[in-house]
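Undergrad: Each chain, letter by letter, is given below.
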Amino acid sequence: MSFAIAPQKKITVYLIGDSTIADKEVSAYPETGWGMPFHYFFDSTVVVDNRAKNGRSTRTFIEEGRWKPVVENLKEGDYVLIQFGHNDEVPTKKSYTTPEQFTANLLKFVSEARNKKAVPVLITPVARRKFDSSGKIEETHAVYTQLVKDVAAKYKVPLIDLDQKSQELVQQFGPESSKYLYNYLLPAENPHYPTGRKDDTHFSELGARKMAEIVLQEIKNLNLELANHIRVVPLKEKK
Amino acid sequence: MIKANFKKALFVCLLGLVSFTLPIKKHITIWMVGDSTMCQYDSSRFPLTGWGMPFAEYLDSSVTIKNEAKGGRSTRTFIAENRWQKVVENLNEGDYVFIQFGHNDEAKNYPDRYTTPEDYRNNLIKFVKESRDKKAIPVLITPVSRRKFDANRNAIETHEVYSKIVREVAAEMDVPLIDLDAMSLKLLQQFGEKNSALLFMQLEPGENPDYPSGVHDNTHFNAYGARHIAELVLQGVNDLHLELSDRIFKKS
Chain U
282 MSFAIAPQKK
292 ITVYLIGDST
302 IADKEVSAYP
312 ETGWGMPFHY
322 FFDSTVVVDN
332 RAKNGRSTRT
342 FIEEGRWKPV
352 VENLKEGDYV
362 LIQFGHNDEV
372 PTKKSYTTPE
382 QFTANLLKFV
392 SEARNKKAVP
402 VLITPVARRK
412 FDSSGKIEET
422 HAVYTQLVKD
432 VAAKYKVPLI
442 DLDQKSQELV
452 QQFGPESSKY
462 LYNYLLPAEN
472 PHYPTGRKDD
482 THFSELGARK
492 MAEIVLQEIK
502 NLNLELANHI
512 RVVPLKEKK
Chain G
845 MIKANFKKAL
855 FVCLLGLVSF
865 TLPIKKHITI
875 WMVGDSTMCQ
885 YDSSRFPLTG
895 WGMPFAEYLD
905 SSVTIKNEAK
915 GGRSTRTFIA
925 ENRWQKVVEN
935 LNEGDYVFIQ
945 FGHNDEAKNY
955 PDRYTTPEDY
965 RNNLIKFVKE
975 SRDKKAIPVL
985 ITPVSRRKFD
995 ANRNAIETHE
1005 VYSKIVREVA
1015 AEMDVPLIDL
1025 DAMSLKLLQQ
1035 FGEKNSALLF
1045 MQLEPGENPD
1055 YPSGVHDNTH
1065 FNAYGARHIA
1075 ELVLQGVNDL
1085 HLELSDRIFK
1095 KS
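Chains as they are written, first to last, in the working numbering: chain U, 282 to 520; chain G, 845 to 1096.
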């Protein structure tokens, strides 16, 4: 029996964050959070548990008791992918979180994940679609992205600079074509949005998948053990 | 007197309310018969998406979607494999049958799929007749366009012969027609030669774990493209004023 291999425990990857990651109600389709396509990328040893929720900041996520059950369920080797900022950084929003509190909350996520021997990964907030008059994409999370980076550097947390990477992608698409990445719909095009939609924050299926692909690539670049659990299919010419 | 009139008016109002809200929609099924551009895919093949998948998200709870479409099937092989028989046997009055074939029927280089124009026509007629025999409503759909542009960057027709046959059968037998070929061709033109690739299974090597060597496919849609095609079909349903359009999700 000494050669028997213990059945491998599944790794849970918790996603905590806001509407840019969250699973959507069918009635909100085609708005898509990047957590939705993200779970297709892993083999059967991984369960992606998308706890991200529309409208939440680090503060309201904690206050509403959304973080506590994550911590309670964390086990050694699990991951917590943390991406907040959109709702923290807007002073007019009820979800506003001061920079100091934002930093403290990120630190709370990191240290409590580590207490459970789980692996926290900090992710800077994904880019909004905003271009200046010369067609150059603008940084819309300057302060809060920096805070994420600071916490990552100070506490040696794996960091995915999704803000930067997604800005590069949106820039590649350019001011016009980048609309395809976001939830842009003409009036009467889609039954869920009869008057149409021009959303520069939330993604289409295309944008969500592209963002998920960036996060996946960065998981590989960070050499996280999780990268060993990305689905592998044999190379072939035609599927 | 005023009070009595008021009561009467109130009664009439209530009666009106009742008669407008009471008729509960009969539950129906939409049977989707077709090929790989319409069918359901397993998540292991994501982002590959048949347009029947997002289409289902836009109908209300009075509708069940049975997506019986299957990759690689022509009208001929769909029938030969008894797939059509299974649909017919389960059809109920008021059900819809969405019929979209052509890609594999017209593929002469795949003899195991190829269907002659004559047989294609006869098979479509068979689908229509047998649906109607069961008091179901057949809807003919021309095959969704492939992505092909000419030197002047015009999206070009890729189903010339077979789409025409669908249109003819629809006209001859007075079948509701959704000219998805024409609609999707227009969509591709709107996106343009380069950006229309965003609708299809186009992945760079290493971009997506399920397609390690990448894929450049101008026939099959990704999730984004499939949804756009589903939107066109929904538009087609509305344009036809089918009873079904009352079952498309409405924002309350």
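In short, the hints are calculated from the structure, not lab data. Glycine included, C-beta positions come from ideal geometry on N, C-alpha and C. A couple of the hints might just be wrong.
What the hints assert, rightly or not - Below are the PhoX-like pairs computed for lysine-lysine, each with C-alpha atoms no more than 25 Å apart in a straight line:
#, chain 1, residue 1, chain 2, residue 2
1, U, K334, G, K1095
2, G, K1038, U, K460
3, G, K1095, U, K479
4, G, K1094, U, K305
5, U, K290, U, K374
6, G, K1095, U, K411
To be verified - To give an idea of the chain G side of the interface with chain U (calculated C-beta under 7 Å), a few residues:
#, residue
7, Y902
8, D904
9, F1093
Stated by the list, open to error - Reference excerpt, derived from the structure (chain U facing chain G, CB under 8 Å, subset only):
#, residue
10, P311
11, P472
12, I511
Undergrad: For each hint, tell me whether it holds in the structure or not.
TA: We went through each hint and held it up to the structure:
1. U/K334 - G/K1095: Holds - the C-alpha atoms of G/K1095 and U/K334 are around 22 Å apart, at most 25 Å.
2. G/K1038 - U/K460: Roughly 15 Å between the alpha carbons, so the hint for G/K1038 and U/K460 holds.
3. G/K1095 - U/K479: holds (17 Å)
4. G/K1094 - U/K305: holds (18 Å)
5. U/K290 - U/K374: The given pair, whose Cα atoms are some 41 Å apart, is violated under the 25 Å limit.
6. G/K1095 - U/K411: violated (29 Å)
7. Y902: Since the shortest Cβ distance to chain U is 5 Å, the answer is holds.
8. D904: violated (10 Å)
9. F1093: holds (4 Å)
10. P311: This hint holds: U/P311 lies near chain G, its Cβ roughly 5 Å from the closest one there, short of 8 Å.
11. P472: OK, holds: U/P472 within 8 Å of chain G, min 4 Å.
12. I511: Holds, about 5 Å.
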